[in-house]
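Asks: The lines below spell out each chain.
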Amino acid sequence: MLNTRWIKLLRDIETTPWRIAVMLLTIAAGVFGFALMLSSYALLNREVRSNYLATNPASATLEVDNIDANLLAGVRHFPGIALAQAGATINADIYSLTGENYPLKIFVIDDFNQLQINKVFADKGEWPPYGGSLLLERNSLAQLLEQTNTSIKIGDSLQIRWDDGRISSVILSGTVHAPAMPVPSMVNFAYASPDSLKYFGVNIPLTELKITVSNNAFDSNAIEQIASQLAAWLQTQGHKVTRIRIPPPGEHPHLKIMFAVLGVFLMFSGIALVLSAVLTATIIDGLMAQQVKQIGVMKTIGASGTQIAGLYLTFVFILSALATALAMPAGLSAGLALSKVVLANLNFELQSFALPHEVYIALIAAGVLLPLLMTTIPIIKATRASAQHALNNIGTSRQDYAATTFFSRLTCIDPSLKIALRNTFRRRGRLALILALLASAGAMFMSSLNLKKASQQHLIAAATERHYDLEISLSRAEDQQKIHTIIQAVEGVNFVEAWSSTTLGRHRADGLNIEKTYSDGGHGAIYLTAIPEGSSLLSIKMQHGFWLSDKNSNTNKNTNENGNNINENDTVVLNEQALDIFPHAKVGDQITLGAAGNSQSLRIVGIAAQKMTSGTAYVSTATYQKITGQDERYKNYRIVMKQHDDIYIKKVTKQIEAALTQHQLKVNYSLTETKLRHEIDAHFTLLIKAIFYIAILMGVVGTFGLASVLSTHITERTREFGIMRSIGASSFIIVRNIILESLFISLMSWMIAIALSLPLSIATSKFLGELIFDEAFPLAVSLMAQWVWLLIVVTGAILASLYPAKKAARITIRESFAM
Amino acid sequence: MTNPLIVLKDVCKTYPTASGVFTALDHINLELWTAEFVAIVGKSGSGKSTLMSVITGIDQVSSGEIFIGETVGEKVQVHRLTQSELSIWRGKNIGIIFQFFQLLPTLTIIENVMLPMDFCNAFPTRERHPRALALLTKLGIAEQADKLPSALSGGQQQRAAIARALANNPPILVADEPTGNLDSETADSIMQLFAQLVSEGKTVLMVTHERDYSHYFNRTIRLADGIIEPANLHPEGTVRSVQHA
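Just so you know, the protein sequences line up as chains A and B, in that order.
Just so we're aligned: 139 in our numbering is position 139 of the first sequence, and the numbers increase by one with no gaps anywhere.
Just so we're aligned: 33 in our numbering is position 33 of the second sequence, and the numbers increase by one with no gaps anywhere.
These are computed hints drawn from the structure, not numbers from a lab.
Built from N, CA and C at the ideal position, the CB exists for glycine as well.
One or more hints might be untrue.
With the Cβ distance kept under 8 Å, some of the chain A side facing chain B (calculated, not the full set) [what the hints assert, rightly or not]:
# : residue
1 : LEU145
2 : GLY302
3 : SER386
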């Protein structure tokens, strides 16, 4: 049988089921969110690394003119080399029945059965591909099915258009899972053997030498040392090494961004959990306020403060343990589901559901101990009060605060309203809790929209740097005059300009160029770009120095220390992102750029503050040609159209693609400004949405908190309402005062939220901007966010005050004086 | 001759107010004896409720000393106890009865009576229910045992409050205007009940406005402005017998 004190506690709980339910739900929601993010973080941390490492990613990839079996055998015996493998990559297109073309990157593997580096795994169908067939990466097949709206299946033929324009019918013999490759967005991935390609008359030399090192496999410097020694040896064997790629060892290209985003989610879910504990403390504070007199009575009949505190703390412990027990499994299941989605998006598979013990310990500690810790303050405060204080409690403090004086001086509001407004400040601790809750929710809401605005402004600013509507990349360099003629003939095209770009490496003293590019050839790359003479398609804000084509600056400033003119062909402008491989470079420095197996010493004339782009070194066309050996043939063309709206750009882009295809020219990709913006914006959409929803959830929690606080105020001020009634206050006055008190609190929280949102917006914009685009977004303030949040809190305040106001209006004079 | 049960030596109680320090009790010296039925009377603000509060330890003295206990071994320096010590000591030694009963509304009558036993761990768990029922029977409200306080009349609630005050069998009962909220007939029956308890050896200290009940008291202490009026210091101080109505 329960002791009487526990019976009392249970009966008290029975009288306020809604408060208890809100507390339970609040703690459960906080634990759910935290469990979701923490388990995802822990699972993904392990799974992404293990999935990626399971592919045995290449420590380095060397581009060599031709790799035969003898050379490969020599490499395998080279000191420090663990494994070596030869391969190649070719670009082609898949044609659909509707005439659309879909870019295809084919990775050529010399021996599928001896595949040991950058492993791919058999998924469905044949392994290895037989003659006249290829294997598609499983996600590429799924994407093709979606893009072509057909039912391509294993065993069917695909129409492949090769680099030279020939079209072959190639059998799809199976699919593979390539965990190291990202889920395709524009380019599809396929795998074929050299023999299979010979079947179609495609003879491609194996030029990619992938190696893993036997020692210090996760040390970039050690890898670079082995790779450079190997390159030197290859050169002594008469081979030319044009490029060495050393990606960050053991690190998936998306790992850093993914964990930063998950880290932000984890942080916000942690804040939400803390705030849920704050709300619990607010509700308990309200519960204790109702119990003050009873606590006084219990103290007069022999209860000690510790006994009473023990009752309520045990109750909170049971409640939070129950909420944790309910929410933790749900949060962990949701975390598992999220992890599966993220892993699927990264082309990985979940290998183990097991979570580290630390996750469970952290969740139990956060779910049970945090609410207990937060509620200890109001519980101890209420139970520590003397019996005298508790018995004489009439709900208001005797202290005279500045706010009281301030409101007393206001002559424009009626006295009863002054009482209500003053009372807002009488329980300052409680006011601080509810303001913290509402203001945090508001700050997060505003920050999410500020971040959205900052990213959009940044996108728009980035777009203003690019004065073209479309960039088209051909599968190979073509005579620019020919391409000009074809594109210029399309109705709607205003202007065409040929551009060149290639990946850039850090040039070493021994003549080797080291790139940080990943095996997909895109992530981590830094580019060397040629600016056509007099081009007006790119205008970049200079941070230091001046632009290549700035003739005035050239005349005035482009001189060396001795005052001699510098040849423009010997100059380079770096954007800030390119400083990644030239960390200490400044205007006036001489640097050596390495690209396409060559190098050139250039003087830095400017550092550009370019937005949302990869690291790039800009040089004149002449310098570019000098470094890369490129002739007058170009792969990339930037096009200005006569109109610049999305529909028009899309229409003309299709016409341009059709015109090029008609001339047997293969388009590798075409990127419109809209598509580019969409691609970049997608980085933020999920994150902003998540923060937005967390903020809304917190706003709802805050509204419950506000309702709870108001109910508590009403309980405490029952006598005040009786007095007001006895001197003639109508129900309307009482209801009005409660609603206005609620509105007053919400308005204060709104103002604090605006103030809090500014540093929070700066911090998140800086963190995410630097992480994703290597550049902090400047602060952008969304006034719309502020007004919308005002609307939300005002609506919430009115809703929160309705029930307490109704309750207050029902208090009779007799009831109030019986307290 | 036995020692006094309650001794107040030079007790002062002051409160800071906006207009300066207010003295509620001004150098009170008082002795109360076992099985005395003492009335504390005075105008509103005279300090009678404050006197009750400092004796029960509900409020603390500003200066002076309060000793409770008949023998040296039992004597407690109330003014030196901490809040926690006071609660436990009070639960075992003083039963307090309020004007507005102050029964806990979510507990039944019998649970209200059992609660002090639970807090003070005064009786074994299995004995608490029968003891509470016996007390309620003694006070004539056993049939109300399982009802909530709100279902009872004022007189019944006050009887329940007395039963609760007696739960831990304390030697002292302190009642703050226990009849102030009752009709005269009910009030009279409550006074008789107190007189009976005094005859059983309890010391009862009662704050009251009612002049009609003077015949119940052994002694009446009249307070004015925090001072015991001299005429009332030793009126029937040696009278030990209790007058029954």
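Asks: Run every hint past the structure and note whether it holds.
Replies: Status of the hints after comparison with the structure:
{"no.": "1", "hint": "LEU145", "verdict": "65 Å, violated"}
{"no.": "2", "hint": "GLY302", "verdict": "2 Å, holds"}
{"no.": "3", "hint": "SER386", "verdict": "6 Å, holds"}
The structure fails hint 1 only (numbered hints given earlier).
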